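Chemist: Sequence:
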Amino acid sequence: MTFLSFLDIIISEPRERRLKKQVVLKRNEEKRILCGHQWVFSNEVKEVKGSPCVGDLVELTRHDGKFLGLGFYNPHSLIAFRFLTGEREEISFDFFKQRILQAYGLRKRVYPRSPMFRLVYGESDYLPGLVVDKYGDYLSLQTYSFGMDNRLTLICDVLESIFQPIGIVERNESQLRSLEGLPERKGVLRGKLEPYTLAEHDIHYEIDLLEGQKTGFYLDQRENRKSIRRYSNGAAVLDCFCNDGGFGFNAAAGEAASVLGIDISESAVRRAERNASLNKFDKMCHFESADVFDVLKDLAGRKRTFDVIILDPPSFTKSKKNLPTAKRGYKEINSNAIRLLKEGGVLATSSCSHHVSDEEFVELLNESATTAGRKTQLIEWRGPAPDHPLLPSMPETKYLKFGILIVQ
Numbered sequence: 001m002t003f004l005s006f007l008d009i010i011i012s013e014p015r016e017r018r019l020k021k022q023v024v025l026k027r028n029e030e031k032r033i034l035c036g037h038q039w040v041f042s043n044e045v046k047e048v049k050g051s052p053c054v055g056d057l058v059e060l061t062r063h064d065g066k067f068l069g070l071g072f073y074n075p076h077s078l079i080a081f082r083f084l085t086g087e088r089e090e091i092s093f094d095f096f097k098q099r100i101l102q103a104y105g106l107r108k109r110v111y112p113r114s115p116m117f118r119l120v121y122g123e124s125d126y127l128p129g130l131v132v133d134k135y136g137d138y139l140s141l142q143t144y145s146f147g148m149d150n151r152l153t154l155i156c157d158v159l160e161s162i163f164q165p166i167g168i169v170e171r172n173e174s175q176l177r178s179l180e181g182l183p184e185r186k187g188v189l190r191g192k193l194e195p196y197t198l199a200e201h202d203i204h205y206e207i208d209l210l211e212g213q214k215t216g217f218y219l220d221q222r223e224n225r226k227s228i229r230r231y232s233n234g235a236a237v238l239d240c241f242c243n244d245g246g247f248g249f250n251a252a253a254g255e256a257a258s259v260l261g262i263d264i265s266e267s268a269v270r271r272a273e274r275n276a277s278l279n280k281f282d283k284m285c286h287f288e289s290a291d292v293f294d295v296l297k298d299l300a301g302r303k304r305t306f307d308v309i310i311l312d313p314p315s316f317t318k319s320k321k322n323l324p325t326a327k328r329g330y331k332e333i334n335s336n337a338i339r340l341l342k343e344g345g346v347l348a349t350s351s352c353s354h355h356v357s358d359e360e361f362v363e364l365l366n367e368s369a370t371t372a373g374r375k376t377q378l379i380e381w382r383g384p385a386p387d388h389p390l391l392p393s394m395p396e397t398k399y400l401k402f403g404i405l406i407v408q
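Going by our numbering, the residue at position 139 of the sequence shown is 139; the numbering climbs one at a time, nothing skipped.
Quick caveat, the hints were computed from the structure, so don't treat them as lab data.
What you are looking at is a predicted structure, and each value in this text was computed from that prediction instead of being measured.
Even glycine gets a Cβ: it sits at the ideal position worked out from N, Cα and C.
A few of these clues could be false.
Unchecked claim - Simulated pairs of lysine to aspartate or glutamate, EDC-like, Cα-Cα distance not exceeding 20 Å:
| hint | residue 1 | residue 2 |
| --- | --- | --- |
| 1 | Lys283 | Asp202 |
| 2 | Lys66 | Asp94 |
| 3 | Lys192 | Glu211 |
Stated by the list, open to error - So the derived label-pair ranges between C-beta atoms look like this:
| hint | residue 1 | residue 2 | range |
| --- | --- | --- | --- |
| 4 | Ser289 | His201 | 21 to 31 Å |
| 5 | Lys192 | Thr371 | 21 to 31 Å |
| 6 | Leu193 | Gly234 | 38 to 48 Å |
| 7 | Asp208 | Arg88 | 41 to 51 Å |
| 8 | Glu380 | Val48 | 43 to 53 Å |
| 9 | Arg32 | Glu87 | 39 to 49 Å |
| 10 | Glu89 | Lys31 | 43 to 53 Å |
| 11 | Asp291 | Thr371 | 37 to 47 Å |
| 12 | Thr370 | Arg185 | 21 to 31 Å |
Please model the complete structure; the sequences and the hints are all you need to start from.
Modeler: Encoded structure:
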C-alpha cells in the first residue's frame, strides 16, 4: 500500500473515530451496561480521552481499554454517556432509519389499525433521548439529549423518507432539556401544520400539536382511559386534571350520569369543551378551570360525593431530591378524593414519576385511605400503553402507574 492510498483511507474514516474520543469507565462499572442499561453517570467515569465536545459520538471502554460500544457524550450532564450500539458502526442515516423502522414494526404489531401511536420511545427503542409520536400524517418529536438534538436535521430526513408526513413539529419545552444544557423550543420543523382530529376508542378529539400537552396528546394513557368505562354506568364522575377530557369522555361512553372535569389550564378546558361538543357529550360533561387541590377541599366542605373519581396529575417531581414533597402531594389529593367517594365508589389514580416506585405508590394510597378513615381494595394495576415499552434492565423507563380501587 502506498502512502497516498493509506492517507486516503485515513481521510475517509469518520473524524470522530480518527480522534479516538473515548469515555473510560472505572473498574467494574461496566456491569449495568453489559446487562442492557444505556446510561453512564458522571461518577462512573475514570477518564475522558480525545477532548470530545458536548453531543459528540464517542467510544465507551472498560477501565482496561476494552471496547464496549458507541454513544453520545455530555460533560455537563449527570448522564455523561448515552449508549447507542455495541458495534463499531457508522451512526448515519441508515443507522437511524433501521432503528426507527424496527420501532415502527413493533407499533404496527400492537396497534395495526391505528394511525396514532408513540413511534419512538427513547431508550426503550435504543434511541436514547429521542421521542417521536405519530398522529396520522403528522409527527411530533422531542429530543432530550445533546447528541440527538445535534442530529435533529438528520432525524427529520429519515422520518420524511419513511413516512412522507404533511408536517413535523418539535415540542422541546420540557425542563428535562435543561439537565443537558439544552434550551426549550417548539415549532414546525418540516412541512405545514393544520387542525387535526384523532379518534381513540371511537371518541374524537381536536388536538393542537403545538399547544396541547406533551407532544399534543397523552398517548400513554390510551388503554387506561378506556378501562374506566366498566365502572361508569349511571355514575357521578369527577375527572381531575382532565386535560383534553379523555377520561371523562370514556366515562360518558360508559353511560355515566354526569361528568365534571377540572383542570388548572384554561386552554385545556376550552379544548375539552370543544371535544365534548364534537362527541355530543356536552349535556353530560361539564368542565371548569381551577386548581384541583383547592377544588377537592371545597367539594368536601360542601359535602359533595361522587361514584367515580379520576386523578391523572402531572409528575410532581422530576428529581429524587424532591420526592418527599411529591409524596405529600400525592397523599393529599388521594386522601381528599377518597373522602368524596360514596361507599363502594371507584378511585382511578395515577402517578407518572419514575422516582415513585409501584410499591411506594401503593403504600401512599394505603396511607391516603387511612388518613381519610376509609378502606380500599385494589382491583386493577396498570402501566402505560404497549407503544411505551419498558426495558427490564433500565428502571428509569418505568414511570406510569395506574390503579383502580374500590373505596369502602
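Chemist: Determine for every hint whether it applies to the structure shown.
Modeler: Hints versus structure:
As the CA atoms of Lys283 and Asp202 are separated by approximately 18 Å, the hinted pair is consistent with the 20 Å bound. Our distance criterion of 20 Å between C-alpha atoms is broken by Lys66 and Asp94, whose separation comes to about 26 Å. Distance check on the hinted pair: Lys192 and Glu211 sit about 15 Å apart at the alpha-carbon level, within 20 Å; holds. The hinted window of 21 to 31 Å between Ser289 and His201 holds, with their beta carbons roughly 26 Å apart.
Range check, Lys192 to Thr371: about 52 Å between beta-carbon atoms, so the 21 to 31 Å window is missed. Distance hint check: the CB atoms of Leu193 and Gly234 are about 41 Å apart, consistent with the given range 38 to 48 Å. Checked against the hint of 41 to 51 Å, the C-beta distance between Asp208 and Arg88 comes to roughly 44 Å, which is consistent with it. In this structure the supplied range 43 to 53 Å holds for Glu380 paired with Val48, their Cβ-Cβ distance being about 47 Å.
Between Arg32 and Glu87, the C-beta spacing of about 19 Å breaks the proposed range 39 to 49 Å. For Glu89 paired with Lys31, a C-beta distance near 24 Å fails the hint of 43 to 53 Å. Restraint check, Asp291 to Thr371: a C-beta distance of roughly 20 Å breaks the suggested window 37 to 47 Å. Evaluation of the 21 to 31 Å hint for Thr370 and Arg185 yields a failure: the beta carbon distance comes to about 45 Å.
In terms of the numbered hints stated before, the structure departs from hints 2, 5, 9, 10, 11 and 12, listed from lowest to highest.
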